[in-house]
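J.: Once you have looked at the hints, place chain B on chain A.
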Amino acid sequence: MTISEQQRADLTNQVNASELAPAAKERILALLAAPDVSEESLAEIRSVIQADIDADIALVAPGFDAEMANDPEEKAILADGEAQMKAVADDLDDSMKFVAEQSEKIEQAAAQLSAALDKSNLDDVKSRLGMTPGAGQ
Amino acid sequence: MPIENWRKMGADSTDTEGVPVVAAEQMETAPQPQSFAEKIAAARAIGQSRLDSAGATGASLFKKASTGFSNFLNKAKTWGKNVAAGAAAFPEIFAASTEMLGEKLDDAQERAWQFKENVQEKYINAPARSTAEWAARKGEQVKNLGAQGVEMASAVGRAAVDGSVDAIGNGMAAIGESYRGVKRFGSESMQFARMQMASIADDMDRRAAANRLRKLEARIGKDSAEHKRISEKLNLKRQFEFSFAGAAA
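Residue numbers (this note's numbering), protein chains in the order written: chain A, 1 to 137; chain B, 1 to 249.
Hints were generated in silico from the structure; no laboratory data involved. Ideal Cβ placement from N, Cα and C applies to all residues, glycine included. Where hints are given, some of them may not hold.
[To be verified] Here are some chain A residues the structure puts well away from chain B; computed CB gaps all over 12 Å:
no.	residue
1	22
2	23
3	33
4	89
5	101
[To be verified] Quick list of in silico lysine-lysine cross-link-like pairs, DSSO-like style, CA-CA up to 27 Å:
no.	chain 1	residue 1	chain 2	residue 2
6	B	233	A	75
7	A	25	B	222
8	B	63	B	143
[Said to hold, decoys possible] Here are the in silico distance ranges between beta carbons for each label pair:
no.	chain 1	residue 1	chain 2	residue 2	range
9	A	87	B	140	18 to 24 Å
10	B	56	A	22	23 to 29 Å
11	B	222	A	73	16 to 22 Å
If we strip away everything but chain A, and leave its shape as in the complex, we get (with noise of 0.2 Å):
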């Protein structure tokens, strides 16, 4: 995928003007300057992001992040989160499953397909040879 230059100036101005960190602000800048940006420079931007962001908080609140490992409210959303993603990801997987169940059809149908071809050629050679077609005709 590609953004727009005006969405790649804007961004970079904003990184630029930023507090983060001078190697995060540098790596941030690096992946932003490639001409095709793609889902993983972006996962990487985030994740250099949330970096910062988790060593600003260890500064100023030590011992938050061990604090927040037993909050309740951010359990739930993440197991939340996580249950959403299983039920996406089973039913994809019950999709793949029924595509699955349908290419099987449509080879049994090809199949039938093709004795009919075969079954033709006999109508086309019974009929050059003048005899009763069969039953169905």
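T.: Chain B in isolation, oriented as in the chain A frame:
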């Protein structure tokens, strides 16, 4: 994703389709990551792995179906040439094959109706597990596939009975349409799931981050310079997500 990687994440088997179903168990049994970034990243990784796995299954199915369909078309072309040339015949099996093909027509119609009923139950009557729009679109797709299946079976059955060029041509067209429909269904299911996974993960990230920021306020104060700095960095992260989401749409 290779099973070795699943094993590293705590998985140890695949189901009969080769899909690592242990992902669900893995969510429950894997050691809990501690940092916020790790937690969100782990959830995204699990979602991505399930997508990769389903994608690999789908790609394999499409390749197989594509090869089968291509072989079938080649046979049809050969058949056309043979008819034109007057192929060799075995008249003595004509009556038996006609009777057999008539039975096949009955079977095909029965299977087609069964197929339609299964589709109705599984995808249309079943409660929507995700967004209403997604479920409705998927249901509509499957309903169309059901109709295509009926049409395909009927067309093949007609071709099997009368063996006319038109009937066979219609059967081929119906099979082609069904093949394309199934392929489209698989591709769009994959695309929908990918979008939903990303959306769920982003939402989870946003909700959890907002919760953390709220809790952080009690420690450092809402008007502190530190709170402002962290809020701005979170906003920057969101800016990237919005920009990239717009680019992907």
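J.: If a hint holds in the structure, say so; if it doesn't, say that too.
T.: So, going through the hints one by one against the coordinates:
1. 22: Since the minimum Cβ distance to chain B is about 14 Å, residue 22(A) lies beyond 12 Å and the statement holds.
2. 23: holds, 14 Å
3. 33: holds, 14 Å
4. 89: violated, 4 Å
5. 101: At about 9 Å from chain B, residue 101(A) fails to clear the 12 Å cut-off, so the statement is violated.
6. 233(B) / 75(A): Judged against 27 Å, a Cα distance of about 23 Å means the pair holds.
7. 25(A) / 222(B): Distance of about 26 Å is within 27 Å: holds.
8. 63(B) / 143(B): Since the Cα atoms of residue 63(B) and residue 143(B) sit roughly 24 Å apart, the hinted pair holds (cutoff 27 Å).
9. 87(A) / 140(B): 18 to 24 Å: holds, 20 Å
10. 56(B) / 22(A): 23 to 29 Å: violated, 41 Å
11. 222(B) / 73(A): 16 to 22 Å: holds, 18 Å
Taken one by one, the earlier hints fail for this structure at numbers 4, 5 and 10, listed in ascending order.
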